[in-house]
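**Q** Chain residues, written in single-letter form:
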Amino acid sequence: MTEHTTNLFTIATGSTEPIYRQLVEQARRLIAGGQLAPGDSLPSVRDIAQALAVNPMTVSKAYSMLETEGLFTRRRGIGMQVADRNNGTQSIKNRSELLRPTLERAALEAKQLELSADAALALFQQILKEKL
Amino acid sequence: MIAPIVQVASISKSFSAQPVLCSLTWDIHPGQVIGLLGRNGAGKSTLMECMLGLREIDSGSITIYGEDVADFSEATRARIGYVPQTAELFDWLTPNQLLDYFKALYPHWNTTKVENLLSRWGFDQLKREKRINKLSGGEKQRLSIIRALAHDPQLLILDEPVSSLDPIGRREFLRELIGDVIERDTTVIFSTHILSDLERIALDVAFLKDGQIALQANLDELMENARRIVGPSKILQHMPISGELRRTTSADGSTCVIARTNEEEIGALTKNLNGSNDIRIEGLSLEDLFVEVTQ
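Those protein sequence lines, which keep their order, are chains A and B. Residue numbers for the first sequence follow numbering that gives the first Met the number 0, so the first one is 0 and each next one is one higher. Residue numbers for the second sequence follow numbering that gives the first Met the number 0, so the first one is 0 and each next one is one higher.
Hints were generated in silico from the structure; no laboratory data involved. Please note that the accuracy of each hint is not assured.
To be verified - Heads up, simulated DSSO-like pairs for lysine-lysine below, C-alpha to C-alpha not over 30 angstroms straight-line:
#: 1; chain 1: B; residue 1: K233; chain 2: B; residue 2: K270
#: 2; chain 1: A; residue 1: K110; chain 2: B; residue 2: K129
#: 3; chain 1: A; residue 1: K110; chain 2: B; residue 2: K233
#: 4; chain 1: A; residue 1: K110; chain 2: A; residue 2: K130
Please read these numbers as outputs of a predicted model, since none were measured by experiment.
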């Protein structure tokens with residue numbers, strides 16, 4: 000069980016996505032990808048707020064949302080942890096849903112660039128090969 | 000809801016027949032952290048100065064902690080901290096002398112904090128004995144911030160507090176706000192053109208335009224619900240969109256609508272379009288919002 004540091008999260012200002020949402024999405028991806036495992040402990044709201052230089056209320060909003068979703072659990076005296084999952088790892092379907100917003104944006108841009116579906120998919124395949 | 004601590008009621012202020020604030024009304028509640036946005040010359044500094052009683056208002060009223068701005072008691076004054084846009088420090092004093100002078104004016108003065116900030120923010124013994132007019136712009140601004148935080152104010156009014164600071168200085172200032180000021184539930188009103196700082200700190204934003212608060216909202220909610228909808232005028236002109244902020248029609252027959260809408264409506268709108276290429280719906284960054292709301 001890992002004790003994670005504040006390096007877990009990064010944020011970007013100037014985005015169309017509010018900061019608390021960026022934190023929530025990151026946590027979801029890290030959990031789906033296994034970098035955050037059940038029982039892992041998470042840095043405190045205060046530490047993240049200091050490290051990222053954001054309002055603690057924003058971090059606490061993200062944590063509460065992840066808690067409501069059942070991804071995080073609050074342990075008395077210990078702080079926030081990654082929740083246990085019922086079925087081991089998340090299904091491929093769940094994980095690919097997390098990619099949807101990014102792909103939807105890419106699809107929109109492909110359309111604006113008048114790229115055919117084949118051309119866009121070929122590019123995506125090439126990028127996947129490069130990154131894996 | 001808890002009573003506001005600042006009540007600005009229908010104030011107007013003109014400078015030689017040039018109206019700056021026009022019947023402006025603004026309530027601020029305890030614990031709020033508000034970013035005040037507006038273009039250059041929109042009147043942000045004037046508004047803040049009026050709120051502090053540094054400028055007389057032509058009409059209307061301002062109360063802070065229930066007291067009229069023209070008649071603040073010592074106790075109320077001691078609850079407020081202010082960082083002006085240009086550090087109006089006594090140039091002929093040294094930082095040590097300046098801080099001693101202000102210390103005598105306040106019933107409460109956090110010496111530990113002052114000492115801590117001075118050493119963290121690069122005021123070594125030598126610099127503390129140097130005349131203020133020999134300090135750099137950034138150093139003066141830091142000193143002005145230390146002075147404003149020293150009496151642990153409950154209401155902090157910051158008028159472009161970081162305009163002379165480099166990125167590291169700005170980050171240190173933000174961390175001080177986060178670690179100390181916000182932790183103590185201080186109410187903060189913060190004007191800046193550095194929107195990335197504002198995004199990190201502010202929970203609410205208020206836009207000053209045409210002498211009034213044109214829009215005030217929770218920042219997260221505003222960013223989640225604001226959309227730019229662009230498409231052919233002939234389709235959009237018959238399409239009512241709730242929370243419309245701005246609509247511009249170009250000569251090429253396209254219309255752009257900026258709206259503060261909601262999740263259901265965005266969903267419905269997207270569905271209606273049915274994958275059509277004609278209409279685009281996009282999110283807005285804080286900078287986009289600034290441009291759209293204040294221009």
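**Q** Does each hint fit the structure? Answer for all of them.
**A** How the hints compare with the structure:
no. : hint               : in the structure
1   : B:K233 with B:K270 : 19 angstroms, holds
2   : A:K110 with B:K129 : 62 angstroms, violated
3   : A:K110 with B:K233 : 22 angstroms, holds
4   : A:K110 with A:K130 : 24 angstroms, holds
Going through the hint list in order, the structure does not satisfy hint 2, though it satisfies all others.
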